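> In case you want the letters, here they are:
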Amino acid sequence: MTAVERIAADTADRPARERLTPRRILPWLLSAVIGVLCVVPFLLVIAISFGRKIEGAAWVWDFTLENYERFFVGALWPDEVTFLYLQQLGFSFWYAVVASLLAVMTALPFTLLLTGLSRRAQAAWLAFILSSLSLSEVFIVMGWDILLSNNSGLPALFKSTGLTQWLKDVGWFQTLRDWGLASPRNVKFKTSQFATILTMSYLVWPYAVILLFPALSRLDRSQSEAARTMGAGGWTVARTVILPAIRLPLFGSTLLLFVFLLGTYVAVTVFAAPAQHTTAVAIYTNIRGANLNAPFGATQAVILLISAGVCLGLGHRLNRWAEAR
Amino acid sequence: MTKLNRRTLLKTGVAGFAASSVLGTPLIAQTRSLKIGSYGGYFEDSFKEFVYPAFTDATGIAVESVTQPNSTDWLVTMQQATAAGSVPADLSLYARDTLIKASRIGGLLKPLNLSAMPAAGNLDPYFVFESPEGALGVGAMSWFTAMVINPGEVEAPASWAEFWDSSIYEASLGLSRNYNSQFLDIVAATFFDGEATFKTDEGILALIEKAAEIKPNVALWWSAESQMEQSMKNGDVIGGQYYLDVANLMAADGFPIKPVFPKEGNPQDYGSWCLSSLSDKADEAAEFINFSSDPATQALMSRKIGTAPLLDQSKTDLTDEEFAFVSGTPSIRPAYEAYLDKETFIKESWDKMLAGA
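So the sequence lines, in the order shown, correspond to chains Y and R. The numbering of the first sequence is this note's numbering, which starts it at 7 and goes up by one. The numbering of the second sequence is this note's numbering, which starts it at 277 and goes up by one.
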């Protein structure tokens, strides 16, 4: 074919290629929908984070880095420095790390036992766990709130069984008061890090089971049986055979739950004292309420997002490094 | 402001229903009408059931009720609507700090003709907001945030200062978490010179430092009203600050809560009627504000909505019992201007104090 013929053939082809068929339109349409629903709001948040707050009024569009500066050193810098917002970010990570680890660590033995059950029992358990996902965070927090309340929950049980009195008699009650887990009258579990982390790991526990289940059910049982016949104890088998085999899903689940928990709002507002509040709560108090400082709220959101991204990136790196070894 | 939020948050369902019923109302072929905004839910429903019909009977002016989410968010809505050239309501209900914000932003409110509303003269002058352009808001109703205690656990304190006593209140109080929810005004009235202390940064820091001393006694820093309600009912806290009318309602239902007016008093906040700068219903609005300022209407709102009247009890026909349900003396007036002028400074210093950072 000569060049001229090739060009002629191309031109002949072109109208056919440009015809608008549904198959051609669909990807563009989907991209547009994703763009409008995800990318535009996202860009808006980034744009607002550079806005400027007017004292005593609302905020205006602008391009200032003041909000980012405030996040790291406070609004009164350079006269005064505060790490309040970094502390809140720290608590976001602390709660998310501990609660996701706790959830995965407790879900692991449960799921392992689950895979050993009959198919019927497995299906029943999985259906039950899946259905518990329909409970919203608000419901779960409300439930734990009642369970930990003075007149209707655990403290009431402590009091009626005489446990509170016993704690007072042996002198441990004062220690609990020092830890903030008791008032002069009775033990109290709210507000505390204990209640916050407990509720957060409860919140993601069903996810942990569902994420681990496929990997654990595919586990080759003959390997652990072989190890056992060679004289390895239960703990040694778990440590040297099972755990290495499910290292990847274990790591992946923890990372996913961690990211999920970074934005927890209701559990932290209800169960954590203001001294241990997270960035998610701070974002809300800036954007809503009488303050109406959307730019600073947006800044905190962007920084939380970047930090989460960095964590995921590091996790990925770590994973690859472990694989390569 | 929190009060307004709570009205909305708690009764969002009702608010949604109320909003839909507004849309469903057929337009009445009347020559005179007025669109009035109020906080959706219990507030708006009570207005629609008791206040607006009485007004229409008295004046022949039909009222179209408009649902406001609260003050601050509504201000943003009205700001955008004014820029677009068409507003959803003639009269809006703004808390005082939002009203001041609106007057500072400028161009949103139309000065009211006070001579057309003689009954507004009944109100304490404090409730008529004057700016250089004229009167921008006339009080509609007010509410108190009161000291509350569990009468089964403690005696009623004579002063707010007793809440700082850890031998009684260690890890036992419920206070509001927001910097502008009037706890600082309580501190100022109890230990300092009241509103004057807010004039300087040093004064504000001294207030916050004093507030920090109560931290060991606070079991709950609440952000939603329902948190405090549950904690009082559950015995998680045995005292704190809470809304006077709701506390009285809870006490009437047999829950262990008692509102107290200590010697320093309790903070009083209020909402104002404000006319949109784009409204051409100034005359109708004046008639409505005149009606709303009437002692009989003020008493009606106290009985049906639980708000405090903006005039002396003697001018109304409220009994002592009815009056004590919604009001009391003395009242602490919040330092609105300072909260706005030094918004970021107060918020960050307050948050730092709470976080111990």
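There's no promise every hint is true.
Pairs of lysine to aspartate or glutamate, EDC-like flavour, derived with a Cα cap of 20 Å [unchecked claim]: (1) Y/K165 with R/D596; (2) Y/K174 with R/E446; (3) R/K628 with Y/D85; (4) R/K618 with Y/E86; (5) R/K618 with Y/D184; (6) R/K591 with Y/E61; (7) R/K491 with Y/D184; (8) R/K628 with Y/E75; (9) R/K539 with R/D469; (10) R/K486 with R/E501; (11) R/K534 with R/E431; (12) Y/K174 with Y/D184; (13) R/K618 with Y/D85.
No wet-lab data here; the hints were simulated from the structure. Quick caveat: nothing in here was measured; it's all calculated off a predicted structure.
> Quick check: which numbered hints come out false for this structure?
Per hint list: 1, 5, 6 and 10 violated.
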